[in-house]
Amino acid sequence: MIPAAFDYVVPRTLPEAVAELVKHGQEAKVLAGGHSLIPLMKLRLSTPSFLVDIGRIGNLSYIREEDGHVAIGALTSHHDIEFSELLKNKLPLLTSAASQIGDPQVRNRGTIGGAAAHADPFGDFPACLLALDAEFKAVGPRGERSIAARDFFVDTFTSSLEPNEILREIRIPTPPPGSRGTYLKFSRRSQDWAIVAVAAQVRVTGHEVTQVAVGLTGMGSHPIRASGVEQALRGKAGHDDELRGAAERATDGTDPPQDLNGSPDYRRHLARVLTRRALEQVTAHH
Amino acid sequence: MRRRVAVTINGTKHEHEVEPRLLLVQYIRDVVGLTGTHVGCDTSNCGACTVELDGHSVKSCTVFAVQADGAQVTTIEGLAQGTTLHPLQQAFWDEHGLQCGFCTPGMIMAARQLLARNPNPSEQEIRVGLEGNLCRCTGYHNIVKSIQAAAKVMAPGAERKAPAPVS
Numbered sequence: 001m002i003p004a005a006f007d008y009v010v011p012r013t014l015p016e017a018v019a020e021l022v023k024h025g026q027e028a029k030v031l032a033g034g035h036s037l038i039p040l041m042k043l044r045l046s047t048p049s050f051l052v053d054i055g056r057i058g059n060l061s062y063i064r065e066e067d068g069h070v071a072i073g074a075l076t077s078h079h080d081i082e083f084s085e086l087l088k089n090k091l092p093l094l095t096s097a098a099s100q101i102g103d104p105q106v107r108n109r110g111t112i113g114g115a116a117a118h119a120d121p122f123g124d125f126p127a128c129l130l131a132l133d134a135e136f137k138a139v140g141p142r143g144e145r146s147i148a149a150r151d152f153f154v155d156t157f158t159s160s161l162e163p164n165e166i167l168r169e170i171r172i173p174t175p176p177p178g179s180r181g182t183y184l185k186f187s188r189r190s191q192d193w194a195i196v197a198v199a200a201q202v203r204v205t206g207h208e209v210t211q212v213a214v215g216l217t218g219m220g221s222h223p224i225r226a227s228g229v230e231q232a233l234r235g236k237a238g239h240d241d242e243l244r245g246a247a248e249r250a251t252d253g254t255d256p257p258q259d260l261n262g263s264p265d266y267r268r269h270l271a272r273v274l275t276r277r278a279l280e281q282v283t284a285h286h
Numbered sequence: 287m288r289r290r291v292a293v294t295i296n297g298t299k300h301e302h303e304v305e306p307r308l309l310l311v312q313y314i315r316d317v318v319g320l321t322g323t324h325v326g327c328d329t330s331n332c333g334a335c336t337v338e339l340d341g342h343s344v345k346s347c348t349v350f351a352v353q354a355d356g357a358q359v360t361t362i363e364g365l366a367q368g369t370t371l372h373p374l375q376q377a378f379w380d381e382h383g384l385q386c387g388f389c390t391p392g393m394i395m396a397a398r399q400l401l402a403r404n405p406n407p408s409e410q411e412i413r414v415g416l417e418g419n420l421c422r423c424t425g426y427h428n429i430v431k432s433i434q435a436a437a438k439v440m441a442p443g444a445e446r447k448a449p450a451p452v453s
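First to last, the sequence lines map onto chains G and L. Quick note on our numbering: the first sequence kicks off at 1 and runs consecutively. Quick note on our numbering: the second sequence kicks off at 287 and runs consecutively.
Chain G with its partners taken away, still in its complex shape (with noise of 0.2 Å):
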């Protein structure tokens, strides 16, 4: 399959490459790994005919702590996600997630920064970077901004994010000790994408629920958070029956879509058993 045919420029700073977005307006697509864009491409869904490959602008690949969070630049691949020792300890949620990606080959391309302006409702980092409360920083013409998470993702394939920015990084606020986070994803092929998955971030102290976070993937045309889940259990001991409890409610105010892959009843179901599962896993031992 070949894609429809397009030109193309590799910007060396971000600047240069918002301005080269500002000079070719709609037309104009922004390329980091290529492994949402250039499959639409092949099968001519998506047909810009400029791209401007960021690929190659220095630093803006890595992961770092600094002032109580953690920073991840927009070319962080999929795969440096999974192996790095800083999120394994601080977010073991977002590990979780980048190594149910795809498979080895397309973690080594995919970034974060891609798959969260994607916005693809059936993608997995978004509903992580939403139960996170992540920060999106975004570069365009008139300087930067920052985005909340719960303000980025507005609907399928669709962020908040200008035609002329570029999203430059993540930021997340460190969670504070004891707090453990998990992703839970269910599909029925190896490889493929989320017919529904739970994304949990939970902290315990003593005897009651003091963090509850939950989003959900594949449960509407964007992102959620089961709010319902949620409210169900802060304040709460944890206990096995709170926990089935809150997780009945993961279907609250979800409008979840009906494709090959599923009905909105099966997507119900599989909210509250996968939502009931997570909340298990991260209260465990408690």
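Quick caveat, the hints were computed from the structure, so don't treat them as lab data. Beta carbons: idealized from backbone N, C-alpha and C, even for Gly. Heads up, a few of these hints could be off.
Beta-carbon label-pair distances, calculated as ranges [stated by the list, open to error]:
(1) G:Ala284 x L:Asn404: 24 to 30 Å
(2) L:His427 x G:Val273: 30 to 36 Å
(3) L:Gln410 x G:Ala284: 18 to 24 Å
(4) G:Pro257 x L:Asp340: 22 to 28 Å
(5) G:Gly143 x L:Glu411: 42 to 48 Å
(6) L:Trp379 x G:Ala5: 40 to 46 Å
(7) L:Gly341 x G:Ala19: 31 to 37 Å
(8) L:Thr369 x G:Glu162: 45 to 51 Å
(9) G:Asp265 x L:Trp379: 50 to 56 Å
Take the given structure of chain G and dock chain L to it, following the hints.
Frame of chain G; chain L shown alone:
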């Protein structure tokens, strides 16, 4: 608009004018003429087109040739030393790790990355590590055995028996 790319494939530098939409796998096969890398599904699922790009295994059907400008690429043709097969190739031969052979170049390139990252993988780690490569003959059992055999030969300090020459 065509663009000039310089790609070093298996140690040999190649320079061509290409359209930006040319895929790396088309560049390798149709422009450079190395047809050991196969196109299977052409949708980044099957892994038949796996090559190494600057040391990372990639599906070359999902990379533009222009993205590989200045890069080092290793394909299946780059593994043997003269007439001596790479230990992975030899192990696939010895353990009957192929039936029709279509997926084999991609399997071997994926296995090379797997063993570079994990020189002594368990059977389960090999199976998971190959999740990006499909064998439609379903010959996975012998593929796993081949990689286990190669891992033994490639382990640091392993005694190397002289492999059979390529006839």
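We went through each hint and held it up to the structure:
no.	hint	in the structure
1	G:Ala284 x L:Asn404: 24 to 30 Å	holds, 28 Å
2	L:His427 x G:Val273: 30 to 36 Å	holds, 32 Å
3	L:Gln410 x G:Ala284: 18 to 24 Å	holds, 23 Å
4	G:Pro257 x L:Asp340: 22 to 28 Å	violated, 38 Å
5	G:Gly143 x L:Glu411: 42 to 48 Å	holds, 46 Å
6	L:Trp379 x G:Ala5: 40 to 46 Å	holds, 43 Å
7	L:Gly341 x G:Ala19: 31 to 37 Å	holds, 32 Å
8	L:Thr369 x G:Glu162: 45 to 51 Å	violated, 58 Å
9	G:Asp265 x L:Trp379: 50 to 56 Å	holds, 51 Å
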